[in-house]
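There are 2 protein chains.
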Amino acid sequence: MNNFVFYSPTEFVFGKDTEKQVGALALKYGARRVMIVYGGGSAVRSGLLDRVKQALREAGLTFCEMGGVQPNPIDTKVYEGIDLCRREEVDMLLAVGGGSVIDTAKAIAAGVPYEGDFWDFYLGKAQVTKALKVAVVLTIPAAGSEGSGNTVITKVDGLQKLSLRAPMYLRPVFSIMNPELTYTLPPFQTACGVCDMMVHIFERYFTNTSDVEISDRMCEGVLTAIVKEAYRIRQNPQNYGARANLMWAGMVAHNGTCGVGCEEDWASHFLEHEVSALYNVAHGAGLAVIVPAWMTFMAENHPQKVAQLAARLFEVPVQEDLHEMALACVSRLKHFFRYMGLPVSFKELGIENPDIPLLVRKLHENKGPLVGNYVKLTPKDSEEIYQLAL
Amino acid sequence: MNNFVFYSPTEFVFGKDTEKQVGALALKYGARRVMIVYGGGSAVRSGLLDRVKQALREAGLTFCEMGGVQPNPIDTKVYEGIDLCRREEVDMLLAVGGGSVIDTAKAIAAGVPYEGDFWDFYLGKAQVTKALKVAVVLTIPAAGSEGSGNTVITKVDGLQKLSLRAPMYLRPVFSIMNPELTYTLPPFQTACGVCDMMVHIFERYFTNTSDVEISDRMCEGVLTAIVKEAYRIRQNPQNYGARANLMWAGMVAHNGTCGVGCEEDWASHFLEHEVSALYNVAHGAGLAVIVPAWMTFMAENHPQKVAQLAARLFEVPVQEDLHEMALACVSRLKHFFRYMGLPVSFKELGIENPDIPLLVRKLHENKGPLVGNYVKLTPKDSEEIYQLAL
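Protein chains in written order, with our numbering: chain A, 1 to 390; chain B, 1001 to 1390.
No lab work stands behind these hints: they were computed from the structure. Errors might be hidden in some of the hints.
[As the list claims (entries may be wrong)] Computed cross-link-like contacts, BS3-like style, restricted to lysine-lysine with a CA-CA straight-line distance of at most 30 Å: (1) B:Lys1130 x A:Lys28; (2) A:Lys367 x A:Lys334; (3) A:Lys130 x B:Lys1130; (4) A:Lys20 x B:Lys1130; (5) B:Lys1028 x A:Lys125; (6) A:Lys362 x A:Lys155; (7) B:Lys1125 x A:Lys28; (8) A:Lys130 x B:Lys1125.
[Unchecked claim] Example chain A residues on the side facing chain B (calculated, C-beta under 7 Å, incomplete): (9) Pro9; (10) Gly15; (11) Pro187; (12) Phe188; (13) Glu213; (14) Ile214; (15) Ala225.
Just so it is clear, CB atoms sit at the ideal spot from N, CA and C, and this is done for glycine as well.
Could you put together the complete structure from these sequences and hints?
Here it is, written out as structure tokens:
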């Protein structure tokens, strides 16, 4: 087990009607002037936004707002938010939405007190040393951004999709998580969320670090719960218990609970980021295409942990041929993704002829000559994985 | 799943040599004048205390100290600490030790800014609304106090052993966890810690709350890791990987990671607190006696979750007769405890004729007419469990 720091200071307020506490919580964490950030119209149509505003008013807080954040959130919206926050002298960003909204709020929070271009942080040219407070009312369990210090933004000009980690500054101070708010998510969006949170665990689970039993067992436990609850939600989208378990799973998949002491491997995410940057597909759907391909490559090249997952998550019988076990894992995973309505190939994703040379070139331009850790992928390896996803 | 709040703001700095960071971390969390709290001589003999002092000095911090905290920590030591802190104008308590030392530091932290008697908090007569900061260098993985907002203190006069929960004020600001510091723990103390952390999980796992799949799976995963690593430590006490996994397991067993959304059941702990208050036995050893008896009672009265644990932790074959499965769980658990060198009866604990009427009377005086939740124990039930432990 490697040395590590676990730091998850967010106060998670979980359950029915918890959005009513947003005003009291914002006050408790020192807000005076709030900016609400949200996405499309669903938060408006469902009445959630009104309930949030009402709760803020009742707590004596004033606020401004910025809607219109899109999936695969973009830099131009961040610049708009930074300007608005400075003009309105905001001291807390309240993200009402899913990962795209929260990631946009985090980028704004880091950008407001910074004199340069916020994109410097994503390029690694500058370090976050100060940020406005970020808080969350979560509506989509997927990205885990409600409990992480990470954010992913796409630069429209140049189609760069890059991530930033600044856990000491960008972890939300509180996150309100009411599973009922997820009842009306379209099945496809629920499925994309399921895939995203599973892959957040995979990226930690697929490690060469030895002696990580506690991490392995927690990863496997959370994955087992996700698969079970995803089936139940597919059968009944308004199953509170299933929605609740899934919502919490999405958080623990990404706040550091899983993967303690492991060298992580973010290759699948990076392979996918190039796909969604170029073709603007849903991140979770892109992952459902990439991950089985990545695992198939690993079945050939480094099957150990894929075989272990096969046995412990999918109850594949243990046998000597780890390659066979790993392939069985791929097969079960694809079956599950298909049941959830997810694509498992570029073709099913609607991309008949992906520009694989371009994807490979952008990937290694953005992430260096070797990508990932479980197996360090060369451009040739990345190409093979994209090919396996056709 | 019930509504819940998860709040674990402690910064956990985990791994080899991490105690060297104590000065920098104390500074980061705003300390100026520190009081080091420790127990017997092992922190002195091992040189740990000197290394901690050196790191504080290098960070430019001054400190005073109070040693001599005993297992089953007592109120008189808390009063001594409160006086010393006030006199020395301390603003951070640094606990170097295990649960007893940390719990004493927390009691002092709450007591210093309070005008009344600190025991008021434990009696429920007053609420903690302010406390000095608490930080930890952990040497015994067991109590989980390094990540919890709880403390347990025994009042010498009257032999009352009571607990206090004040998560908003008493969670350590940071906890340093170096598994190498646990190499020299005597096997019996390691075993007591293993039992204590397992029971912290049991008290959350044995719940009637439905739809708690994510909690169940995480509890089972952590328990599986604990049992595996405990065997490895028994074989080689200096196995770093095993010590590391166990140390982290002790934290997640009690910081709220396990048991989210569950109605908890602390009957086993309360049954045991009376035993260690009266006979001054090690808490973990007392639990090893009480818990199999509690489970045997449940095999008869409410076997469901005991049977589930049998299947998932001990691989007991699933069968219709849950009572049989639950008894198999008791049998495997006792076998494991015995392997670890723990007693599993009052007799083995060295108490030939426990005063069961007194234990029952004190338990229900302290905790009310019904104790626990999975089954609410009447005095007659408590008596039966104590009898089953003979």
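Hint check results:
1. B:Lys1130 x A:Lys28: OK: lysine 1130 (chain B) and lysine 28 (chain A) at ~15 Å, within 30 Å.
2. A:Lys367 x A:Lys334: holds, 27 Å
3. A:Lys130 x B:Lys1130: holds, 27 Å
4. A:Lys20 x B:Lys1130: holds, 26 Å
5. B:Lys1028 x A:Lys125: With Cα atoms ~25 Å apart, lysine 1028 (chain B) and lysine 125 (chain A) stay inside 30 Å; holds.
6. A:Lys362 x A:Lys155: Judged against 30 Å, a Cα distance of about 13 Å means the pair holds.
7. B:Lys1125 x A:Lys28: holds, 25 Å
8. A:Lys130 x B:Lys1125: violated, 41 Å
9. Pro9: Where the cut-off is 7 Å and the nearest Cβ of chain B is about 4 Å from proline 9 (chain A), the hint holds.
10. Gly15: holds, 3 Å
11. Pro187: Given a least distance of 20 Å, the restraint on proline 187 (chain A) is violated.
12. Phe188: violated, 23 Å
13. Glu213: holds, 5 Å
14. Ile214: Cβ of isoleucine 214 (chain A) sits 4 Å from chain B, so the hint holds.
15. Ala225: Holds - the Cβ of alanine 225 (chain A) comes within 7 Å of chain B, reaching about 4 Å at its closest.
Violated hints, in rising order: 8, 11, 12; the structure is consistent with all others.
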